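J.: Go by the hints and put chain H onto chain X.
Each chain is listed here by its residues.
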Amino acid sequence: MTAPAPLKSAIRPGLAPGVRLSFDKARDCWVVLAPERVLVPDETALEILQRCNGSRPVDEIVDELASVYNADRGEIAQDVEDMVSDLIAKRILVG
Amino acid sequence: MSGAANPTPPLAPPLAALLELTHRCPLQCPYCSNPIELERAKGELSTDEWRRVLDEAAELGVLQVHFSGGEPTVRRDLPELVAHARRIGLYSNLITSGVTLDRARLAVLAQAGLDHAQLSIQDVDHQTAAHIANHPGVQGKKLAFARWVREIGLPLTINAVVNRHNVTRVERMIDLAVELGAVRVEVAHVQYYGWALRNRAALMPTLEQVQEATQRVEAARARLRGQIVIDYVVPDYYARQPKSCMGGWGRQFLNITPSGEVLPCHAAQTIPGLVFDSVRHKPLAEIWASSAAFEAYRGTDWMPEPCRSCDQREVDWGGCRCQALAITGSAAAADPACALSPAHQEMRSLAEAASAAPAPDFVYRRMTPQETPAKVAAATR
Chain X
1 MTAPAPLKSA
11 IRPGLAPGVR
21 LSFDKARDCW
31 VVLAPERVLV
41 PDETALEILQ
51 RCNGSRPVDE
61 IVDELASVYN
71 ADRGEIAQDV
81 EDMVSDLIAK
91 RILVG
Chain H
1001 MSGAANPTPP
1011 LAPPLAALLE
1021 LTHRCPLQCP
1031 YCSNPIELER
1041 AKGELSTDEW
1051 RRVLDEAAEL
1061 GVLQVHFSGG
1071 EPTVRRDLPE
1081 LVAHARRIGL
1091 YSNLITSGVT
1101 LDRARLAVLA
1111 QAGLDHAQLS
1121 IQDVDHQTAA
1131 HIANHPGVQG
1141 KKLAFARWVR
1151 EIGLPLTINA
1161 VVNRHNVTRV
1171 ERMIDLAVEL
1181 GAVRVEVAHV
1191 QYYGWALRNR
1201 AALMPTLEQV
1211 QEATQRVEAA
1221 RARLRGQIVI
1231 DYVVPDYYAR
1241 QPKSCMGGWG
1251 RQFLNITPSG
1261 EVLPCHAAQT
1271 IPGLVFDSVR
1281 HKPLAEIWAS
1291 SAAFEAYRGT
1301 DWMPEPCRSC
1311 DQREVDWGGC
1321 RCQALAITGS
1331 AAAADPACAL
1341 SPAHQEMRSL
1351 AEAASAAPAP
1361 DFVYRRMTPQ
1371 ETPAKVAAAT
1381 R
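Protein sequences appear in the order of chains X and H. So for the first sequence, the working numbering puts the first residue at 1; every next one is plus one. So for the second sequence, the working numbering puts the first residue at 1001; every next one is plus one.
For the record, the hints were derived by calculation from the structure and aren't laboratory data. Here the structure is a predicted model, which is why all the values come from computation and not from measurement. Even glycine gets a Cβ: it sits at the ideal position worked out from N, Cα and C. Treat the hints with caution; some may be incorrect.
[As the list claims (entries may be wrong)] Only pairs whose alpha carbons sit at most 25 Å apart, straight line, appear in this in silico DSS-like list of lysine-lysine:
1) X:Lys8 with X:Lys90
2) H:Lys1243 with X:Lys90
3) X:Lys25 with H:Lys1282
4) H:Lys1042 with H:Lys1282
[Said to hold, decoys possible] Pulled a few chain X residues facing chain H out of the computed Cβ check, cut under 8 Å:
5) Ala16
6) Pro17
7) Gly18
8) Arg20
9) Ser22
10) Ala26
11) Arg27
12) Val31
13) Pro35
14) Val38
15) Ile88
16) Arg91
[As the list claims (entries may be wrong)] Which chain X residues face chain H? A few, computed with CB under 10 Å, are given here:
17) Val19
18) Phe23
19) Asp24
20) Lys25
21) Leu33
22) Ala34
23) Glu36
24) Arg37
25) Ser85
26) Ala89
27) Lys90
For reference, chain X alone in the conformation it holds in the complex (with noise of 0.2 Å):
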């Protein structure tokens, strides 16, 4: 009904408020706690997720990924775009 408004890449996501990404030893893989929730990450959100730390703005973390994956900007910042809107809706991250 309402489409999420356009994410500014000058915002700075961080871990919202009660929300911890640690790394779960019984399961042996990175989990995000948050109120009445856990989320796994697969690997690229979890390379976004450990990015998010509340200083780096989007554009920062974009130019980033695409250089370490030596992948193309603009694909990179749609799935990092997505998904931290996403995260913001759902109140995992802030932004």
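T.: Chain H alone, transformed into the frame defined by chain X:
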């Protein structure tokens, strides 16, 4: 238990544990999730025992612990337990009525490493809230508590339990949660086990009320997208598909009672014949893996028809065992919330009859349940 001794694939560890530190509570809500037979303070696990349980839970693979009750803040050792949970990497949630703590004691919990607080509300209307909780002035205390949570910087969930007395105000309860700065609101229709089952006629809304509430929740979801997460616990008695209760029996979740019994769900003690193990006598990992109560309805081997051959059997896991028991008399039957259950129409009729009649008085949740003849007469009129 036949065939369930060696479940394949290998058993995954639980994600979360609900720790009922105590059954003591200043409120007397008629839909309380505690059992009718409440545990007294002298039977509760000690601080050392709870610390050991936290260690065993983390070791087993539990990621989140919910400090619950009763009212968990009546335990003076709560800050110690929260700090311990934090130290060993557990995510901790406080499930509270919000009427016992002052700001300073809440700040101590936050400092100890509490991750999140969940505050229950009975209504937006102060009078009805006081009536449901049987506690004068309850709403004012809760609003103050919610303010402190936000001032201290903890994320807040509001839990609003929906019943015939407040069902028309669902939208206002959601708006209140937004006003209070909550990140999440749980709009939960009453689940009818234990105390709520005893009070079913006093709590049951009509089908029309439930449909309207559901529409309002959906509209609020669209309107408030990005502002607040809205979780909706569906009204089983008017449902057509069962909920995946606890995410499946013994699959993701365990519950520990004040005296240390380990249950697959908080209402499991309503099922006769189930034998529960205690953390006082066995390691938690062993209980999770092989306790008779967990094995009883784990997986799909125990299922009768229509579940056994249903393509949803690993989606809803047969629904809720306690509800099957409450309606059909057998905990191994399909959940009557399912349209395929032979008892589906019977459950719907129970709800329709209860909600059409005037609401009887509440039987309040107390250590010794009151059974006055006048109230029984009112309930059966």
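J.: Evaluate each hint against the coordinates.
T.: Tested hints:
1. X:Lys8 with X:Lys90: The hint holds at about 17 Å.
2. H:Lys1243 with X:Lys90: With Cα atoms ~22 Å apart, Lys1243 of chain H and Lys90 of chain X stay inside 25 Å; holds.
3. X:Lys25 with H:Lys1282: Holds - the C-alpha atoms of Lys1282 of chain H and Lys25 of chain X are around 23 Å apart, at most 25 Å.
4. H:Lys1042 with H:Lys1282: Status holds; Cα separation ~21 Å.
5. Ala16: Holds - the Cβ of Ala16 of chain X comes within 8 Å of chain H, reaching about 7 Å at its closest.
6. Pro17: Holds. Min distance 5 Å.
7. Gly18: holds, 3 Å
8. Arg20: Status holds, d = 6 Å.
9. Ser22: OK, holds: Ser22 of chain X within 8 Å of chain H, min 6 Å.
10. Ala26: OK, holds: Ala26 of chain X within 8 Å of chain H, min 3 Å.
11. Arg27: For Arg27 of chain X, the interface hint holds, since the closest Cβ of chain H sits about 6 Å away, which is under 8 Å.
12. Val31: holds, 6 Å
13. Pro35: holds, 5 Å
14. Val38: holds, 5 Å
15. Ile88: holds, 7 Å
16. Arg91: holds, 5 Å
17. Val19: holds, 8 Å
18. Phe23: holds, 9 Å
19. Asp24: Hint holds; Asp24 of chain X Cβ to chain H Cβ min 6 Å, cut 10 Å.
20. Lys25: Lys25 of chain X check passes; min Cβ-Cβ to chain H is 8 Å, inside 10 Å.
21. Leu33: holds, 4 Å
22. Ala34: Since chain H brings a Cβ to about 8 Å from Ala34 of chain X, closer than 10 Å, the hint holds.
23. Glu36: holds, 7 Å
24. Arg37: The hint holds - Arg37 of chain X has a Cβ within 10 Å of chain H, the shortest such distance being about 9 Å.
25. Ser85: holds, 9 Å
26. Ala89: holds, 4 Å
27. Lys90: It holds, given that the least Cβ distance between Lys90 of chain X and chain H is near 6 Å, below 10 Å.
Of the numbered hints stated above, none is contradicted by the structure.
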